[in-house]
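For reference, the chains in residue letters:
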Amino acid sequence: MINLAVKIGNIQFKNPVTIASGTFGYVKPYTKASDLKKLGAFVPKTITLKKRVGNPLPRIVETASGMINAIGIENEGLDYFLQNKLSSLESLGIPLIVSISASSNDEFMILAKALDAKASVSAIELNLSCPNLANKKLIAQDAAATAELVRQIRGAVTKPLIAKLSPNVTDISEIALAAQDAGADAVSLVNTFMAMAVDIQRRKPVLGNITGGLSGPAIKPIALKMVYDVKRRVQIPILAMGGIMSAEDALEFLITGATMVAIGTASFINPKAPLEILEGIKKYMKAHKMSDIHKLIGSLKI
Amino acid sequence: MIDFQQKYTIVANKKVAGTLYQLSLDAPTLVRKVLPGQFMHIRVNDGLKPFLRRPFSIYRALKTVDILYDIVGAGTRMLSEKKKGERVDCLGPLGTPFTLPPKNVKQVVLIAGGVGVAPFLALTDILKKKNYKLILLYGARSKAQIFPMKDFKENGCQVHVATDDGSIGAKGWVSVLFPKIKRDMSTYLYTCGPRPMLACVQAFAKEKHLEGQASLEEVMACGVGACLGCSTKTTHGYKTVCHDGPVFDLSDIIF
Ligand SMILES: Cc1cc2nc3c(=O)[nH]c(=O)nc-3n(C[C@H](O)[C@H](O)[C@H](O)COP(=O)(O)OP(=O)(O)OC[C@H]3O[C@@H](n4cnc5c(N)ncnc54)[C@H](O)[C@@H]3O)c2cc1C
Ligand SMILES: Cc1cc2nc3c(=O)[nH]c(=O)nc-3n(C[C@H](O)[C@H](O)[C@H](O)COP(=O)(O)O)c2cc1C
Ligand code: FES
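Chains A and B, in that order, are what the protein sequence lines are. Under my numbering, the first residue of the first sequence carries the number -1, and numbering increases by one thereafter. Under my numbering, the first residue of the second sequence carries the number 8, and numbering increases by one thereafter.
In case anyone wonders, no lab produced these hints; they're calculated from the structure. Each hint should be verified, as a subset may be incorrect.
As the list claims (entries may be wrong) - Straight-line C-alpha distance at most 27 Å; calculated DSSO-like pairs for lysine-lysine:
| # | chain 1 | residue 1 | chain 2 | residue 2 |
| --- | --- | --- | --- | --- |
| 1 | A | Lys49 | B | Lys178 |
| 2 | B | Lys157 | A | Lys36 |
| 3 | B | Lys157 | A | Lys48 |
| 4 | A | Lys12 | A | Lys49 |
| 5 | A | Lys270 | B | Lys178 |
| 6 | B | Lys110 | B | Lys89 |
| 7 | B | Lys136 | A | Lys35 |
Claimed, not checked - According to the in silico footprint, chain B covers these stretches of chain A (three or more CB under 8 Å from chain B):
| # | stretch |
| --- | --- |
| 8 | 143 to 152 |
| 9 | 260 to 273 |
Said to hold, decoys possible - Some but not every residue of chain A turned toward chain B, in silico, with C-beta under 8 Å:
| # | residue |
| --- | --- |
| 10 | Phe22 |
| 11 | Glu74 |
| 12 | Gly75 |
| 13 | Pro215 |
| 14 | Pro219 |
In this text, all values refer to a predicted model and were calculated from it rather than measured experimentally. All C-beta atoms, glycine included, are put in the ideal place defined by N, C-alpha and C.
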């Protein structure tokens, strides 16, 4: 038997593979995917307090080994989520990590408290890093603001808190440290890299929002280095993502120190990617005669 | 496993005219499942280039599942280089299909621009069984892009062609063919093609008090309604082309 179980706060996940927020919707499109139950956790698309219509069109563009998106957290808002989405997510039967975002700390608080009250929510991910919200500065670009928000929410909720960080910073480990010291149970990294594309025929930005966030294999090596930097400074678990397409990619992150990995853009190309990656991790552990995932996590030899 | 993802073997992949190709996939289980207006989301290369899948309407699903496609960029070029016997990774059938015309309708007019004609063959395979008068107005760049309309004619379609350069049929956009629509019987429209053309059809429909459906195109990532990347503006707010569409009520689309 291989032990794949990992923990964030007091919550146990049967394995370290999950979904990156915003890349699997609220599961409905994939309801036939009963095998999703095999994953360690599910993370639905970020929700906000009020409905958000999202950004102007077009919202995505393909780039070399990746894509840029500017969805703008289109979602129906908290009440709709609780009434119409949560039950189908519950039926998956795996831990739910619900991602939230807001334009003020007060709104974050309302969202966090509402989710804290739901038995079926295992943990709350604070999306401090969406590049598509037209805010001047992201919370995750400011260590003090990150600490302040995490501290406030920490004081009011009991479920594990995961701070989702932005790679669009000078030193991500500083922000991670601030989140840890303010009481976050884990950090997830990375969100997308701010990016843009230009239509040279029309001499206009391709995206309606002008800029967006780059994801996919193009960002993987940079995301990996950020996990490395954060791992050296913080003790709380890291939920890592950024261009993971294969089990080999996921293993790089685990070896570097990630406790869990999230699969994002890869699912667009191969909806089976999360499950194949989970199988690939098991296969690797068998081949390397490892019986416990903790032998793998952070096993990087320097 | 996620059952809408399958690899299908290519039975044929042939040029039909100009830069238009027809791909036939051996997909017996799919043939029975697909509905006209739905699409397949195809991974044209196993590597990272191109990165995303490419969406294509289902052209026909009789013995094989067929796609009619135009080479417009690197992805479609790569698809055209695939050989008989190779397997392609597909998601599908995806999207909301066409619905049948309302009860009183006697005449159905299909208005297509370029490869936008693709979803209409499968549609006429169904409509021909219902005794409608079927008319296809088809606009293309030039004669070289016009493929034999035999299959449409066999389905009972009266075909009218327009080309941008007038090399065959009427000269100009497909809209020059609108006068061909005799409105002595209750008429319903289906349209697919470039957005400016669709806008033109919508304006025409509004003026003549006609109803219809349009199939839209938008750049896609997931193809299943998960990423909200392919949204389009409608009178009911943003809707995903891949999941809520690609077929929309013609009057609902905001151009
Ligand atoms: C629902 C639907 C059905 C379609 N049916 C057909 C069909 O039956 N036959 C056919 O030839 N084409 C069809 N298209 C368009 C087809 O998807 C594009 O021509 C194709 O993706 C172009 O890829 P490329 O790499 O050759 O071009 P590139 O221009 O190099 O592609 C760059 C990016 O833009 C996207 N893109 C480019 N043009 C379009 C477009 N018109 N619509 C959506 N995305 C686009 C590509 O997918 C890719 O992400 C359909 C599109 C949609 C959304
Ligand atoms: C289309 C799209 C939508 C996304 N939406 C969200 C979101 O709502 N909330 C969030 O925290 N991250 C969102 N992300 C970021 C991903 O969760 C992930 O952090 C990022 O894409 C990097 O991982 P990847 O390269 O594996 O996709 C989105 C990414 C994409 C591509
Ligand atoms: S392509 Fe992802 S929602 Fe349509």
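Now for the hints, and whether the structure bears them out:
| no. | hint | verdict |
| --- | --- | --- |
| 1 | A:Lys49 / B:Lys178 | 48 Å, violated |
| 2 | B:Lys157 / A:Lys36 | 50 Å, violated |
| 3 | B:Lys157 / A:Lys48 | 54 Å, violated |
| 4 | A:Lys12 / A:Lys49 | 33 Å, violated |
| 5 | A:Lys270 / B:Lys178 | 48 Å, violated |
| 6 | B:Lys110 / B:Lys89 | 43 Å, violated |
| 7 | B:Lys136 / A:Lys35 | 44 Å, violated |
| 8 | 143 to 152 | violated (count 0) |
| 9 | 260 to 273 | holds (count 8) |
| 10 | Phe22 | 5 Å, holds |
| 11 | Glu74 | 10 Å, violated |
| 12 | Gly75 | 13 Å, violated |
| 13 | Pro215 | 6 Å, holds |
| 14 | Pro219 | 14 Å, violated |
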